[in-house]
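Novice: If you want the building blocks of each chain, they are given just below.
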Amino acid sequence: MLRRYRRYLWAALVAGALVVSSALPAHAHGERAQEAFLRMRTIGWVDVNFSRDTVKQGETFTITGTAKILDAWPTNLAKGNPNTGYIGVIAPGPVVILKERTINGVSAPSRIDIQKGRIYEFSLTIAGRRPGRWHVHPSFSVKGAGTLLGPGQFITVQENPAGFTNDVKLVSGGTVNLENYQLPFVWIWLIITFLIGMAWMIYWTVPKRTVTNLAVTSQIPLNTDGMAYGLITKKDHRNMNWFAIGTALLLVAGWVYQAAAFDTKMPLQVIQFAPPQPAIAEEPVFAKAGLGQASYDKATKTMTMDIDITNTGTTPMELKQFNSAYLKFVAGGTAGPGAVTASPQATVEPGATTKLTLAMQDPVWESELLVPIGESQLLVTGIMVFETSDGKRNLTEVEANLKPRFQ
Amino acid sequence: MATDAKTLELRQLLNKQYKYIDRKWDAVFWITAAFVVGAAADITKQLFAGDWDFWTDWKDRQWWPIITPFAIIIIGSALQYIQWLAWRFPTGMTYTAVCMFVCTLIGRWIQWGAFVYYPMNFVWPATMVAAAIFADWVLLKTKSFVLTSIIGSMVFAFTWWVSNYIPLAPYLQPAEWMDRVVTVADIQGIEYVRSQTPEYLRIIEHGSLRTFLGETQYVSLVFGATVAVAGYWVGQFIGRALAIWPIGRFMKKW
Numbered sequence: 001m002l003r004r005y006r007r008y009l010w011a012a013l014v015a016g017a018l019v020v021s022s023a024l025p026a027h028a029h030g031e032r033a034q035e036a037f038l039r040m041r042t043i044g045w046v047d048v049n050f051s052r053d054t055v056k057q058g059e060t061f062t063i064t065g066t067a068k069i070l071d072a073w074p075t076n077l078a079k080g081n082p083n084t085g086y087i088g089v090i091a092p093g094p095v096v097i098l099k100e101r102t103i104n105g106v107s108a109p110s111r112i113d114i115q116k117g118r119i120y121e122f123s124l125t126i127a128g129r130r131p132g133r134w135h136v137h138p139s140f141s142v143k144g145a146g147t148l149l150g151p152g153q154f155i156t157v158q159e160n161p162a163g164f165t166n167d168v169k170l171v172s173g174g175t176v177n178l179e180n181y182q183l184p185f186v187w188i189w190l191i192i193t194f195l196i197g198m199a200w201m202i203y204w205t206v207p208k209r210t211v212t213n214l215a216v217t218s219q220i221p222l223n224t225d226g227m228a229y230g231l232i233t234k235k236d237h238r239n240m241n242w243f244a245i246g247t248a249l250l251l252v253a254g255w256v257y258q259a260a261a262f263d264t265k266m267p268l269q270v271i272q273f274a275p276p277q278p279a280i281a282e283e284p285v286f287a288k289a290g291l292g293q294a295s296y297d298k299a300t301k302t303m304t305m306d307i308d309i310t311n312t313g314t315t316p317m318e319l320k321q322f323n324s325a326y327l328k329f330v331a332g333g334t335a336g337p338g339a340v341t342a343s344p345q346a347t348v349e350p351g352a353t354t355k356l357t358l359a360m361q362d363p364v365w366e367s368e369l370l371v372p373i374g375e376s377q378l379l380v381t382g383i384m385v386f387e388t389s390d391g392k393r394n395l396t397e398v399e400a401n402l403k404p405r406f407q
Numbered sequence: 001m002a003t004d005a006k007t008l009e010l011r012q013l014l015n016k017q018y019k020y021i022d023r024k025w026d027a028v029f030w031i032t033a034a035f036v037v038g039a040a041a042d043i044t045k046q047l048f049a050g051d052w053d054f055w056t057d058w059k060d061r062q063w064w065p066i067i068t069p070f071a072i073i074i075i076g077s078a079l080q081y082i083q084w085l086a087w088r089f090p091t092g093m094t095y096t097a098v099c100m101f102v103c104t105l106i107g108r109w110i111q112w113g114a115f116v117y118y119p120m121n122f123v124w125p126a127t128m129v130a131a132a133i134f135a136d137w138v139l140l141k142t143k144s145f146v147l148t149s150i151i152g153s154m155v156f157a158f159t160w161w162v163s164n165y166i167p168l169a170p171y172l173q174p175a176e177w178m179d180r181v182v183t184v185a186d187i188q189g190i191e192y193v194r195s196q197t198p199e200y201l202r203i204i205e206h207g208s209l210r211t212f213l214g215e216t217q218y219v220s221l222v223f224g225a226t227v228a229v230a231g232y233w234v235g236q237f238i239g240r241a242l243a244i245w246p247i248g249r250f251m252k253k254w
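For the record, the sequence lines run as chains V and H. Residue 1 is where the first sequence starts when you use our numbering, and the numbers rise one by one after that. Residue 1 is where the second sequence starts when you use our numbering, and the numbers rise one by one after that.
No wet-lab data here; the hints were simulated from the structure. Check each hint, because a few of them may be wrong.
[Claimed, not checked] In silico DSS-like pairs for lysine-lysine, Cα to Cα no more than 27 Å straight-line:
no.	chain 1	residue 1	chain 2	residue 2
1	V	K208	H	K16
2	V	K234	H	K143
3	H	K6	H	K16
4	H	K16	V	K169
5	H	K6	V	K235
6	V	K99	V	K143
7	V	K116	H	K16
8	V	K392	V	K288
9	V	K288	V	K235
10	V	K116	V	K301
11	V	K79	H	K143
12	V	K301	V	K403
13	H	K143	H	K19
14	V	K169	V	K265
15	V	K320	V	K298
16	V	K288	V	K234
17	V	K234	H	K16
18	H	K6	V	K234
19	H	K143	V	K235
20	V	K208	V	K99
21	V	K143	H	K141
22	V	K208	H	K19
23	V	K235	H	K24
24	V	K320	V	K403
25	V	K235	V	K208
26	V	K392	V	K355
27	V	K328	V	K208
28	V	K328	V	K355
29	H	K6	V	K208
30	H	K19	H	K6
31	V	K355	V	K320
32	H	K6	V	K298
33	H	K19	V	K298
34	V	K169	V	K56
Keep in mind that this is a model prediction, so the values were computed, not measured.
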């Protein structure tokens, strides 16, 4: 009998060990769990760049890029009208810390006012904190929609022999290290109050019996302290008065100390403002796109889009990139992963309307679950980046109906 | 006299030595219940006031003094009723406070410190011990749950705020950061990445209450004390209807 159970136990242990040992480390942040339309129709990410991939603790790197809140923003998110946003960093906890954030050229410590169709050029200055190899993304959180991820990258944080500090300058003068600032004071305070509580509990539970009191308390009214029977004595009352007085004195002492030691205080701050428009938003619009048609060839893993493009400007414009969700396809190279080929040509003459066929042969469409077959919105959405010879740039949003092949 | 005889009988009963029930059972009760009570109190706090307790940059003048006392007085009130009724100990609130403190501390230290690396000066747990001592003291003095619910709850809410404002004070100092002047707590909240908690989710400082001469803090304290009275009776309901009453169905007399 025992032998039989032992066999089951071993089997369970081996099965558990197999499950645990076969689990791969999680490096991403669930971006593929978001539906394709959520990633493609909400925020368009363009030219996201990480300045470094390896830093020491305390050293900084920057993530720069452009995020556009697409006009195709779904009506079922934030009631179709995103108005409050937060551009931040996604990482496995505070393994990195955010030291500076600018949006459209101005410092933006916190949340911002946002509008559909607007462009936000961001720069995030980030310092390494915990040694390790961490997957880091820029993110755009939108109230009512959640957090939308930009392109991620692994960052290696190396140990700094000099240690790590996170210094902040107080208005009252001096610099403090946020890693442990006033932590001893907090601990001392919490432990003192805890000890008073423990003393109170020990007073009542150690010299006095507990469980057997029920025999008496069950026979007396609730609104009595049972002094006549010895449950609570005058001495108990007197001692508890001293406990209360002592606790009150401790609070007074603590209050006086904090008022003297930290005499300048202010309420928590809520910062929200509308960043100015970036320069790219002030450029004249010269590229216009109609509603396109898209198809996906599973055999060659190629996404193809046919789009009518009009150049309303006075100089030729050329397709430079196509971006969808956090994917980037660069024009002008050979077909393959990360490239978009435009036919009949990537250049559109001024005043002309051309039906461009974009082809992107890349397994990433499937591996990132961005082919929305099986979802409720068969659309491919993205941003085409056009440039003129004189350096003007347009981020042109394009949307194409995806025609799936059900073979 | 009959009364004296009854008193004498109860005095003897109080000091009666039992063959099978001894102090070991007291220790078993207090120690095993500590985990249940601490976890129940911590979970209740997290359900109602999680973020306000987790982060220094949520501990504001308006919501923190209203939400948290309501959340943490509930289980303390239930234990106060149970321990007073059963053993005549004015210890329910303090017992809850010390048990919850240990549970919360372990949680913060392991989950928030060791596992995800938040500095403890950003995620330290609030203490309710001082407030609990006053609430138990009020019960001892008044011997009335009605009076304790009114006086004790209000004292509890006010004392809780005082005892937690003291350790919070260093983090309310102004600092220069990103071209602004903000509190140290604000900087902690932005710099230490909270991936799925964008800053706009903070429920703090939603109004200025200028009609009360701008004394937001004190209006919130009064309102928080009032709400704590309601929380106290939620706890009484739990203690009376969900704990004691079902047990009483199986006891000879309660």
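Novice: A separate judgement is required for each hint: does it hold in the structure or not?
Specialist: Okay, the hints, checked on the actual structure:
no.: 1; hint: K208(V) x K16(H); verdict: holds (13 Å)
no.: 2; hint: K234(V) x K143(H); verdict: holds (14 Å)
no.: 3; hint: K6(H) x K16(H); verdict: holds (15 Å)
no.: 4; hint: K16(H) x K169(V); verdict: violated (66 Å)
no.: 5; hint: K6(H) x K235(V); verdict: holds (23 Å)
no.: 6; hint: K99(V) x K143(V); verdict: holds (23 Å)
no.: 7; hint: K116(V) x K16(H); verdict: violated (78 Å)
no.: 8; hint: K392(V) x K288(V); verdict: holds (14 Å)
no.: 9; hint: K288(V) x K235(V); verdict: violated (88 Å)
no.: 10; hint: K116(V) x K301(V); verdict: violated (32 Å)
no.: 11; hint: K79(V) x K143(H); verdict: violated (54 Å)
no.: 12; hint: K301(V) x K403(V); verdict: holds (15 Å)
no.: 13; hint: K143(H) x K19(H); verdict: violated (32 Å)
no.: 14; hint: K169(V) x K265(V); verdict: holds (14 Å)
no.: 15; hint: K320(V) x K298(V); verdict: holds (25 Å)
no.: 16; hint: K288(V) x K234(V); verdict: violated (89 Å)
no.: 17; hint: K234(V) x K16(H); verdict: holds (21 Å)
no.: 18; hint: K6(H) x K234(V); verdict: holds (21 Å)
no.: 19; hint: K143(H) x K235(V); verdict: holds (16 Å)
no.: 20; hint: K208(V) x K99(V); verdict: violated (56 Å)
no.: 21; hint: K143(V) x K141(H); verdict: violated (50 Å)
no.: 22; hint: K208(V) x K19(H); verdict: holds (18 Å)
no.: 23; hint: K235(V) x K24(H); verdict: holds (26 Å)
no.: 24; hint: K320(V) x K403(V); verdict: holds (25 Å)
no.: 25; hint: K235(V) x K208(V); verdict: holds (13 Å)
no.: 26; hint: K392(V) x K355(V); verdict: holds (22 Å)
no.: 27; hint: K328(V) x K208(V); verdict: violated (73 Å)
no.: 28; hint: K328(V) x K355(V); verdict: holds (21 Å)
no.: 29; hint: K6(H) x K208(V); verdict: holds (22 Å)
no.: 30; hint: K19(H) x K6(H); verdict: holds (23 Å)
no.: 31; hint: K355(V) x K320(V); verdict: holds (16 Å)
no.: 32; hint: K6(H) x K298(V); verdict: violated (91 Å)
no.: 33; hint: K19(H) x K298(V); verdict: violated (80 Å)
no.: 34; hint: K169(V) x K56(V); verdict: holds (22 Å)
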